[in-house]
Amino acid sequence: MSEQIERLHDRPDVAPGEETEVRIGPRLLGYAIGLGLSVLLTATSFFIAGTDLVWQPSIPVALVVLAIAQMGVHLVFFLHITTGPDNTNNVMALAFGLLIVFLVVGGSLWIMSHLNHNMMPMDQIMPMNR
Amino acid sequence: MAWGHPEVYILVLPAFGIFSEVVSTFSSKVLFGYRSMVLATMAICIISFMVWLHHFFTMGAGPDVNAIFGIASMIIAVPTGVKIYNWLFTMFGGRVRFAVPMLWSIGFMVTFIIGGLTGVLLAVPPADFLLHNSLFLVAHFHNVIIGAVLFGAFAGYTYWFPKAFGFSLDEATGKAAFWFTLIGFYVTFMPLYVPGLLGMTRRMQHYDVAAWRPWMIAAGIGTVLLTIGVALQVLQLFVSIRRRSELRDTTGDPWDGRSLEWATSSPPPVFNFAVLPNVTGEDACWRVKEHARQHELDNREPDYDDIEMPRNSPTGFVCAFFATVMGFALIWHIWWMVALGGVGAFATFVAFAWRDHDEYVIAAADVARIDRANVAARRAALDLAGVVQ
Amino acid sequence: MTETTYAYAYGDPHRLRSIQQGAAVHEGPAPKRIVTAYGFWIFLLSDIVMFSCFFASYTVLLRQTAGGPGGAQLFDLKSTAAETAFLLLSSFACGLASIAADVRSARWFQAAMALTFVLGLGFLVLEAREFAGLVGRGAGPTRSAFLSAFFTLVGCHGLHVSAGILWLLTMMAQVYAKGFRADIMRRLLCFALFWHALDIIWVAIFSVVYLIGSGT
Numbered sequence: 001m002s003e004q005i006e007r008l009h010d011r012p013d014v015a016p017g018e019e020t021e022v023r024i025g026p027r028l029l030g031y032a033i034g035l036g037l038s039v040l041l042t043a044t045s046f047f048i049a050g051t052d053l054v055w056q057p058s059i060p061v062a063l064v065v066l067a068i069a070q071m072g073v074h075l076v077f078f079l080h081i082t083t084g085p086d087n088t089n090n091v092m093a094l095a096f097g098l099l100i101v102f103l104v105v106g107g108s109l110w111i112m113s114h115l116n117h118n119m120m121p122m123d124q125i126m127p128m129n130r
Numbered sequence: 131m132a133w134g135h136p137e138v139y140i141l142v143l144p145a146f147g148i149f150s151e152v153v154s155t156f157s158s159k160v161l162f163g164y165r166s167m168v169l170a171t172m173a174i175c176i177i178s179f180m181v182w183l184h185h186f187f188t189m190g191a192g193p194d195v196n197a198i199f200g201i202a203s204m205i206i207a208v209p210t211g212v213k214i215y216n217w218l219f220t221m222f223g224g225r226v227r228f229a230v231p232m233l234w235s236i237g238f239m240v241t242f243i244i245g246g247l248t249g250v251l252l253a254v255p256p257a258d259f260l261l262h263n264s265l266f267l268v269a270h271f272h273n274v275i276i277g278a279v280l281f282g283a284f285a286g287y288t289y290w291f292p293k294a295f296g297f298s299l300d301e302a303t304g305k306a307a308f309w310f311t312l313i314g315f316y317v318t319f320m321p322l323y324v325p326g327l328l329g330m331t332r333r334m335q336h337y338d339v340a341a342w343r344p345w346m347i348a349a350g351i352g353t354v355l356l357t358i359g360v361a362l363q364v365l366q367l368f369v370s371i372r373r374r375s376e377l378r379d380t381t382g383d384p385w386d387g388r389s390l391e392w393a394t395s396s397p398p399p400v401f402n403f404a405v406l407p408n409v410t411g412e413d414a415c416w417r418v419k420e421h422a423r424q425h426e427l428d429n430r431e432p433d434y435d436d437i438e439m440p441r442n443s444p445t446g447f448v449c450a451f452f453a454t455v456m457g458f459a460l461i462w463h464i465w466w467m468v469a470l471g472g473v474g475a476f477a478t479f480v481a482f483a484w485r486d487h488d489e490y491v492i493a494a495a496d497v498a499r500i501d502r503a504n505v506a507a508r509r510a511a512l513d514l515a516g517v518v519q
Numbered sequence: 520m521t522e523t524t525y526a527y528a529y530g531d532p533h534r535l536r537s538i539q540q541g542a543a544v545h546e547g548p549a550p551k552r553i554v555t556a557y558g559f560w561i562f563l564l565s566d567i568v569m570f571s572c573f574f575a576s577y578t579v580l581l582r583q584t585a586g587g588p589g590g591a592q593l594f595d596l597k598s599t600a601a602e603t604a605f606l607l608l609s610s611f612a613c614g615l616a617s618i619a620a621d622v623r624s625a626r627w628f629q630a631a632m633a634l635t636f637v638l639g640l641g642f643l644v645l646e647a648r649e650f651a652g653l654v655g656r657g658a659g660p661t662r663s664a665f666l667s668a669f670f671t672l673v674g675c676h677g678l679h680v681s682a683g684i685l686w687l688l689t690m691m692a693q694v695y696a697k698g699f700r701a702d703i704m705r706r707l708l709c710f711a712l713f714w715h716a717l718d719i720i721w722v723a724i725f726s727v728v729y730l731i732g733s734g735t
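Chains as they are written, first to last, in the numbering used here: chain A, 1 to 130; chain B, 131 to 519; chain C, 520 to 735.
These are calculated hints, taken from the structure and not from any lab test.
For glycine and all other residues, C-beta sits at the position ideal for the given N, C-alpha and C.
Among these hints, one or two may not hold up.
Dumping the calculated EDC-like pairs for lysine to aspartate or glutamate here, alpha-carbon to alpha-carbon at most 16 angstroms [unchecked claim]:
hint, chain 1, residue 1, chain 2, residue 2
1, C, 697, B, 486
2, C, 597, C, 649
3, C, 551, B, 438
4, B, 213, B, 151
Cβ pair distances, simulated, as ranges [what the hints assert, rightly or not]:
hint, chain 1, residue 1, chain 2, residue 2, range
5, B, 333, A, 115, 22 to 30 angstroms
6, A, 56, B, 451, 27 to 35 angstroms
7, A, 112, C, 595, 51 to 59 angstroms
8, C, 695, B, 372, 53 to 61 angstroms
9, C, 624, A, 56, 47 to 55 angstroms
10, A, 112, B, 338, 51 to 59 angstroms
11, A, 82, B, 445, 29 to 37 angstroms
Here are some chain B residues pointing at chain C (derived, C-beta under 10 angstroms) [unchecked claim]:
hint, residue
12, 290
13, 306
14, 316
15, 320
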């Protein structure tokens, strides 16, 4: 009975298309490119946050765009999000998660700013509490 | 609140799933509009994350915000309506059997529609300004939750009890429990809409308004009926256990079911299916039964093979116990207990990860022995019923 | 009408079989590795949703400093840059560990994991020092709504990194004790996904909290 279990554990656990032998070179290159792009995007973010060379009101937008780009780099190069058929479920799960993030963050910001705008100023509310 | 609304859909969508199974089985018809059911469910999943502000229309966000969330709350009724129509069309033209699970399903359809309609009324922000946190709201959400979630739970409980425990539930007490619960629900909650419209708020410890009194008394009478319904539901279990030898499910298919669980014995063997079935469409069991005469004539045994089963482990419970201890200690700032709980949970987790044997094998001979016994029992029961010559 | 009723008995009335032909053609359930990875993606999804709630709270409370210090007064961008570098390099080291595991080299695997551990620990030490510094200056989580939201969001990320460190050490021990068994390889895959996801969340944190926050 234990040899049966040994057989279970030794059986290669690969997906169709993954059975070929692993070559280090391309994979190492993938991680290195990911690292390089991330360093570039991070350095750019830090630079833009501190510089006077850019129109100031655009800085938050630029930082968000750079952040999204870097998250994309991480997803592709480190987390191996691909368009392969075995990856489709993962992409769908991620897409749904992102939808929820935008709804929750965007919706909360929108609602709270409206509520804030419609609220009486504090210096008129405080006297009512006396 | 952004979670609070999706939560009620987490409650209701499994109940909808139960109804799809029950309605098609007891209408003796395949479920109408399978694809539209799937699309409707997905639409509800997405839209349910876009409605949460309807819980606080009165908080002062302004007309544009209120309008968007109000419209979304109304739109979500559309895919829900699609599902109701699909269940109705499943029944239409079918041979409907009024067994207890089907009674709960029909009760659900009527009750949930009324509750859903009052929900759409509440989704109109100006109406909600008057009805927010009133008894109208209380009546609405009890209407939908009891109608869908509770009735669905009872439908599923009655439907799958024989599969899980090997004997059916007593039919007479089941029907009595259903009628008392259904009528009790209506007598309790329908009157509550009126005080809501007359201005009664929720969570009141006492009230002084005479106009509300007749409705509240009617609701009180309804609670007596509901209590009897609950008692009958509990009684049903005791009666069924006492009569279990008469109620025994010998074939594994007490309802003439359409889906694959009814092709196993009741309760099923530990490996579920001796040979993995090859499924080519919906209502796979129905397909098998239609070709049953052909299968009888073939009378060939399948090729039995070894089956790998996961080994049971108490780790889940133990880890959860330590995590609960840790959570409790975090609330009350009992730091030594936090450490104890954390270490315990982590140690349990590592112990589980460290095991070398997470599966065991059931030999083909044992699979064959169990399966032959189940098939023989089913054949004997069908012979007795004169089904198979 | 009779034709359709008969069709129900035998055929495929909703044409579900056509879906099968489009799907990947191989018998039986998907390999365990694929299923495990998908399950872990769903967990990551739930974690991302939780962080989005903390992000939403933070951005709403950004200006509620209760007359106290705001981001511009409190954030030391040099420390933030160092934390970012540590976490990014640790992600790269984790990638090296994944490659080492795939070629079954125990030596390189342990080395890469040790590097990941050192860099991750470095991140935590810097963050702990930052938090201690803030509390010492009277800018702890109870000072204002902004600071409560800040400590909750960034602290939650730090807790995740700490849990990741514990997991990392456990995986190093498992590979040392039992080698590159199939189930241990699946766990390494999940660990790598977790570690990289934490770096993704940190990208959002340093951009939105520290860089945008230090401008207010």
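Checked hints:
no.: 1; hint: C:697 / B:486; verdict: holds (9 angstroms)
no.: 2; hint: C:597 / C:649; verdict: holds (11 angstroms)
no.: 3; hint: C:551 / B:438; verdict: holds (13 angstroms)
no.: 4; hint: B:213 / B:151; verdict: holds (13 angstroms)
no.: 5; hint: B:333 / A:115: 22 to 30 angstroms; verdict: holds (24 angstroms)
no.: 6; hint: A:56 / B:451: 27 to 35 angstroms; verdict: violated (55 angstroms)
no.: 7; hint: A:112 / C:595: 51 to 59 angstroms; verdict: violated (29 angstroms)
no.: 8; hint: C:695 / B:372: 53 to 61 angstroms; verdict: holds (59 angstroms)
no.: 9; hint: C:624 / A:56: 47 to 55 angstroms; verdict: holds (51 angstroms)
no.: 10; hint: A:112 / B:338: 51 to 59 angstroms; verdict: violated (38 angstroms)
no.: 11; hint: A:82 / B:445: 29 to 37 angstroms; verdict: holds (34 angstroms)
no.: 12; hint: 290; verdict: violated (24 angstroms)
no.: 13; hint: 306; verdict: violated (35 angstroms)
no.: 14; hint: 316; verdict: violated (36 angstroms)
no.: 15; hint: 320; verdict: violated (38 angstroms)
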